[in-house]
Amino acid sequence: MTEPVLKVDNLSIEFGPEGGALRVINDVSFSVGAGECLGIVGESGSGKSMTSLAIMRLIPSPPGRIATGRVELEGRNLLDLPMSQMPAIRGNDIAMIFQEPMSSLNPVMTIGDQISEAIMLHEPMNAQQRYKRTLEMLTLVGIPDPEKRFKSYPHEFSGGMRQRVMIAMALSCNPKVLIADEPTTALDVTIQAQVLELMRDLRTKFQTSIVLISHDLGVIADIADRVLVMYCGRVVEIANVDEIFADPAHPYTEGLLRSIPSETNEGQRLYQIPGTVPAVADRGTGCTFYDRCPKRMDICKNELPPHFKVSETHSAACFAIPEASR
Amino acid sequence: MFRLVALRMLDAIPTMLLALTLVFITLRMLPGDPAIAALGEYATPQQLELFREQMGLNLPLWQQYFVFLWDVVTLDFGESLISSFSVGQLIALHLPFTIELTIAAMLMGTIMALPLGVIAATQRGKSADSSTRIFALLGFAVPDFYLGALMLIVFALNLGWFPISGGGSDFWDRMHHLALPAFTLGILKAAFLSRLTRSSLLEVLQKDYIRTARAKGGRERRVIYRHGLRNALLPIATGLGLSTLATLSGSVAIELIFNRPGLGNLLVGAIEQRDYPVMQAGIVVFAFFVVLVNLALDIIYIFIDPRIRSE
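Chains as they are written, first to last, in our numbering: chain A, 1 to 326; chain B, 1001 to 1311.
I should point out that these hints are in silico values taken from the structure, not numbers from a laboratory.
Backbone N, C-alpha and C fix where the C-beta goes; we use that ideal spot for every residue, glycine too.
Hints should not be assumed to be uniformly reliable.
Claimed, not checked - Have a look at the derived ranges for each label pair, beta carbon to beta carbon:
no.	chain 1	residue 1	chain 2	residue 2	range
1	A	Lys-148	B	Leu-1292	30 to 38 Å
2	B	Phe-1140	A	Gly-16	32 to 40 Å
3	A	Asp-9	B	Ile-1300	49 to 57 Å
4	A	Ala-88	B	Ile-1300	30 to 38 Å
5	B	Phe-1303	A	Gln-128	20 to 28 Å
6	A	Pro-144	B	Phe-1303	42 to 50 Å
7	A	Asp-9	B	Val-1005	53 to 61 Å
8	B	Asn-1259	A	Lys-148	56 to 64 Å
9	B	Val-1005	A	Lys-148	46 to 54 Å
Unchecked claim - Result set (BS3-like, lysine-lysine): computed pairs, CA atoms no more than 30 Å apart in a straight line:
no.	chain 1	residue 1	chain 2	residue 2
10	A	Lys-176	A	Lys-205
11	A	Lys-309	A	Lys-295
12	B	Lys-1126	A	Lys-148
13	B	Lys-1126	A	Lys-151
14	B	Lys-1207	A	Lys-176
15	A	Lys-7	A	Lys-205
16	A	Lys-295	A	Lys-205
17	A	Lys-205	A	Lys-132
18	A	Lys-309	A	Lys-7
Take these sequences, add in the hints, and give me the full structure.
Shown next as structure tokens:
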């Protein structure tokens, strides 16, 4: 891998008052290279979205706070920058697509105005150039009749169309990194496939690095190069996409994979990871997956497993990984 | 869009008709004989009969109803029982003072309320928020006649900056007379409107599209005004409309304190002296304004909310 475009190091996020704060994200580290797509998976509450908001420094504060860590964009630590410099980076170097296309667009502004606003904020263009660029973006994301659609309002669009507008907006300034937080979750399957296809195209065309957050392993398998598995605000496994699916090292990842409906388990009751995600306040000193883990050992209860390398590109935080393969 | 505006205007007609019908029924249901009330208890039966004949009180009720409607349409409200002016002239004399007071008070109130509400919402929980909250509580708690009297004592009597009473003659004189009562009312309106602005802006600032606006690189000022306030305006507009109506009909105390020759002042006088034609016309005028303000609101919605436009 070449020099990473985005590098997150030991990121921890706390919520609540100083002293009594709860740590919702713990020591998350990963990096994404140019043109690479990193998938982040995990169930609701595992800290996927919080991590992505932290990269943009969009965590509502108070009560949230980035406690430790670095977020480096091409070697520059964004967390060191004064807040007043962040708007110049958001939407320009790092853009974001959100989960809820239905509510993520301003209802009283036209689609065209919302896209050209993003361009206006970052590109030195006059109104006419912006208009042209906006039409190009609309065409790029496959919205027919862009001149007419420019003047449409969000309520006149379907969910899939709105997500396309969000993507057009996010890509309008050629960001180096695109963070897509569950971009297809609210969409039906055919639209989902189209949106993923679109993201794949853009990636090859513009060498955009993508951080794709999803709880849908199918989507991840479809588009990601590497996968990061999060559980309870920690990274439990990270590997190339084929390694994860062929040879998961963490019992949690195994559980996730077993709960995908497929042809081989047709007719059987679908596997379900027992128990639920523990509340932040109930997490002890040991492995956060301890209560639900089929492979748990005594050591897991009180000691946090470090990351063990399974291969050059694959590591997982689990004591059950045999010594020989570490 | 013009079709929608025209439709809303057509909608206003039956509303107005309903309002007029209610006014008619209410006035006819009032206890007491208007003839006796007008001429006094010592009038002879002949005088009473003559009066009823002149006023059309002997006609069947449905005929009276249509005569009433026709009079309203032709703006013929008859003669005042007390004054030598016709009711139409009286209204024409007093109405402008009420309208100018309402407009000026609402303008001042809005100009004060919007920034206060935005500051309170964006500085939520900080001292600026608490200060605007105290201001609003005072505004809710202090009655208008009290604040009016206070302003009068301080700024008109003691400092002598403003006239003590009356409505003024030429334009600048009128503005001079208008300033203090409008400011008094404006402060009271701002109390309500600033709270409304704060709460509706706070609600809007939680929305996903605000996060989007930040994520695309919008600076706070842009996010709050262009994306936040623009959306928060919908409930604020409703509040403004209601508040305008309350000011039109509810500034009687201010008109009395500042002795402005407004409609409220005229009506209070008419009620005291049982000047029925004036009372009736005053109520009709207020009803007309209620319908008019609601119509204006409907039209404003069409302009600020594209979702209504495409209905």
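Each hint tested on the structure:
1. A:Lys-148 to B:Leu-1292: 30 to 38 Å: holds, 37 Å
2. B:Phe-1140 to A:Gly-16: 32 to 40 Å: holds, 34 Å
3. A:Asp-9 to B:Ile-1300: 49 to 57 Å: With Cβ atoms ~52 Å apart, the hint holds.
4. A:Ala-88 to B:Ile-1300: 30 to 38 Å: holds, 36 Å
5. B:Phe-1303 to A:Gln-128: 20 to 28 Å: Check passed, 26 Å falls within 20 to 28 Å.
6. A:Pro-144 to B:Phe-1303: 42 to 50 Å: violated, 29 Å
7. A:Asp-9 to B:Val-1005: 53 to 61 Å: Once the Cβ atoms are compared, 59 Å apart, the range 53 to 61 Å for B:Val-1005 and A:Asp-9 holds.
8. B:Asn-1259 to A:Lys-148: 56 to 64 Å: About 60 Å separates the Cβ atoms of B:Asn-1259 and A:Lys-148, which means 56 to 64 Å holds.
9. B:Val-1005 to A:Lys-148: 46 to 54 Å: violated, 23 Å
10. A:Lys-176 to A:Lys-205: Holds - the C-alpha atoms of A:Lys-205 and A:Lys-176 are around 12 Å apart, at most 30 Å.
11. A:Lys-309 to A:Lys-295: Given that 30 Å is the threshold and the Cα spacing comes to 18 Å, the pair holds.
12. B:Lys-1126 to A:Lys-148: Violated - the C-alpha atoms of A:Lys-148 and B:Lys-1126 are around 46 Å apart, more than 30 Å.
13. B:Lys-1126 to A:Lys-151: violated, 40 Å
14. B:Lys-1207 to A:Lys-176: holds, 26 Å
15. A:Lys-7 to A:Lys-205: holds, 22 Å
16. A:Lys-295 to A:Lys-205: violated, 44 Å
17. A:Lys-205 to A:Lys-132: holds, 20 Å
18. A:Lys-309 to A:Lys-7: Judged against 30 Å, a Cα distance of about 19 Å means the pair holds.
Of the numbered hints listed earlier, those contradicted by the structure are 6, 9, 12, 13, 16.
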